[in-house]
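Q: Residue numbers (the UniProt record's numbering), protein chains in the order written: chain A, 1 to 189; chain B, 1 to 189.
Since the hints were derived computationally from the structure, they do not count as laboratory data.
Hints should not be assumed to be uniformly reliable.
Note that the list lumps identical chains together, so a pair holds whenever it fits in one copy or between two copies.
[Stated by the list, open to error] Taking lysine-lysine and the DSSO-like style, the derived pairs with C-alpha atoms no more than 27 Å apart in a straight line are:
| no. | residue 1 | residue 2 |
| --- | --- | --- |
| 1 | Lys83 | Lys7 |
| 2 | Lys5 | Lys81 |
| 3 | Lys5 | Lys95 |
| 4 | Lys116 | Lys101 |
| 5 | Lys5 | Lys116 |
| 6 | Lys101 | Lys50 |
| 7 | Lys83 | Lys101 |
| 8 | Lys2 | Lys83 |
| 9 | Lys21 | Lys50 |
| 10 | Lys21 | Lys2 |
| 11 | Lys2 | Lys101 |
| 12 | Lys2 | Lys95 |
| 13 | Lys5 | Lys112 |
| 14 | Lys5 | Lys111 |
| 15 | Lys5 | Lys83 |
| 16 | Lys7 | Lys95 |
| 17 | Lys112 | Lys21 |
| 18 | Lys95 | Lys21 |
| 19 | Lys2 | Lys81 |
| 20 | Lys2 | Lys116 |
| 21 | Lys83 | Lys50 |
| 22 | Lys112 | Lys7 |
| 23 | Lys101 | Lys21 |
| 24 | Lys7 | Lys116 |
2 protein chains.
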Amino acid sequence: MKLLKEKVMTEGIVLSDQVLKVDSFLNHQMDPVLMREVGAEFARLYAGEKITKVLTIESSGIAPAIMTALELDVPMIFARKHKSLTLRDDILVEKVYSFTKRETNEITVSKKFLNKDDRVLIIDDFLANGEAAFGLARVVEQAGASVVGIGIVIEKSFQPGARLLEEAGYRVDSLVRIASLENGTVTFV
Amino acid sequence: MKLLKEKVMTEGIVLSDQVLKVDSFLNHQMDPVLMREVGAEFARLYAGEKITKVLTIESSGIAPAIMTALELDVPMIFARKHKSLTLRDDILVEKVYSFTKRETNEITVSKKFLNKDDRVLIIDDFLANGEAAFGLARVVEQAGASVVGIGIVIEKSFQPGARLLEEAGYRVDSLVRIASLENGTVTFV
Numbered sequence: 001m002k003l004l005k006e007k008v009m010t011e012g013i014v015l016s017d018q019v020l021k022v023d024s025f026l027n028h029q030m031d032p033v034l035m036r037e038v039g040a041e042f043a044r045l046y047a048g049e050k051i052t053k054v055l056t057i058e059s060s061g062i063a064p065a066i067m068t069a070l071e072l073d074v075p076m077i078f079a080r081k082h083k084s085l086t087l088r089d090d091i092l093v094e095k096v097y098s099f100t101k102r103e104t105n106e107i108t109v110s111k112k113f114l115n116k117d118d119r120v121l122i123i124d125d126f127l128a129n130g131e132a133a134f135g136l137a138r139v140v141e142q143a144g145a146s147v148v149g150i151g152i153v154i155e156k157s158f159q160p161g162a163r164l165l166e167e168a169g170y171r172v173d174s175l176v177r178i179a180s181l182e183n184g185t186v187t188f189v
Numbered sequence: 001m002k003l004l005k006e007k008v009m010t011e012g013i014v015l016s017d018q019v020l021k022v023d024s025f026l027n028h029q030m031d032p033v034l035m036r037e038v039g040a041e042f043a044r045l046y047a048g049e050k051i052t053k054v055l056t057i058e059s060s061g062i063a064p065a066i067m068t069a070l071e072l073d074v075p076m077i078f079a080r081k082h083k084s085l086t087l088r089d090d091i092l093v094e095k096v097y098s099f100t101k102r103e104t105n106e107i108t109v110s111k112k113f114l115n116k117d118d119r120v121l122i123i124d125d126f127l128a129n130g131e132a133a134f135g136l137a138r139v140v141e142q143a144g145a146s147v148v149g150i151g152i153v154i155e156k157s158f159q160p161g162a163r164l165l166e167e168a169g170y171r172v173d174s175l176v177r178i179a180s181l182e183n184g185t186v187t188f189v
């Protein structure tokens, strides 16, 4: 996606071989026109797939997900992150490990918003190790619903998430794919 | 706002005299068409006010804020919530007490995204005691920028937030205002 690649090149800050900072347009300050275009692109990729729900996780996934849901004309759900929960029978819960924060969180979705007839498009801002995406996919499957695909704004292709998700049988669509951040430079796939 | 009132009437669940659950369209599952209309309404209310940034707080504020920012054609920033932070000199930090969760969080915005020339519209999903809105306003003022107004999706007018903000000199625009949740019934102002 050309507009997104340009943003990454002009505004992305390479903090290390592993970390790309995009807080000027994606995960702190957000560019609403870019988010609309991201949503339009995911909707185009999944047109004809009879998506019934868009699912993401708070917080940075919400803007691209609501724009995608608007284009597809379906509800959006954002999973909540918690440190840990007492068991409740009206929610779907999965554990997700964050490599960045080195902690395990529980993510939750209310049972009443996902059912076995749902065809779900998962959206997230970044794909690195795939922990969040796998957690969201398990939430969908716990509800008996189908994961139609996983739409990612920025994939760090040098980390294993995309490969692991595809090996597990999921369709993954990343709008930009980064091959390397070595030498302080963004190299696309 | 008629569409929003209808949603509150048909899908809002009165949990107590104090608590209205709107997780089917505003703060867990979200209705993207409603969010677009909410954004359009805030943009209409602040047309001509030369807004340069929309500011909200994660997570439920993000969807209405990104739609408002899209309509106004300005960047959106979401403040992050943290338990507590070691001091860093590149961020604006304010303490916010949550009556719901009975805890104090710190909210942060990177200094580079707000400056003294900014004219900021603050957006949030709910207004009850006003703690979050006051915290966001203090962040804006710490940066030397101006709070032009505070746009709220649902105001619980029987709690003091709106009055306190207006007494402090802020313009507050709430799209629906709830006078009471007594007897399990939503009564609008």
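Q: Quick one: which hint numbers does this structure break? Sort them smallest to largest.
A: 1, 2, 3, 4, 5, 6, 8, 9, 11, 12, 15, 16, 19, 20 and 21
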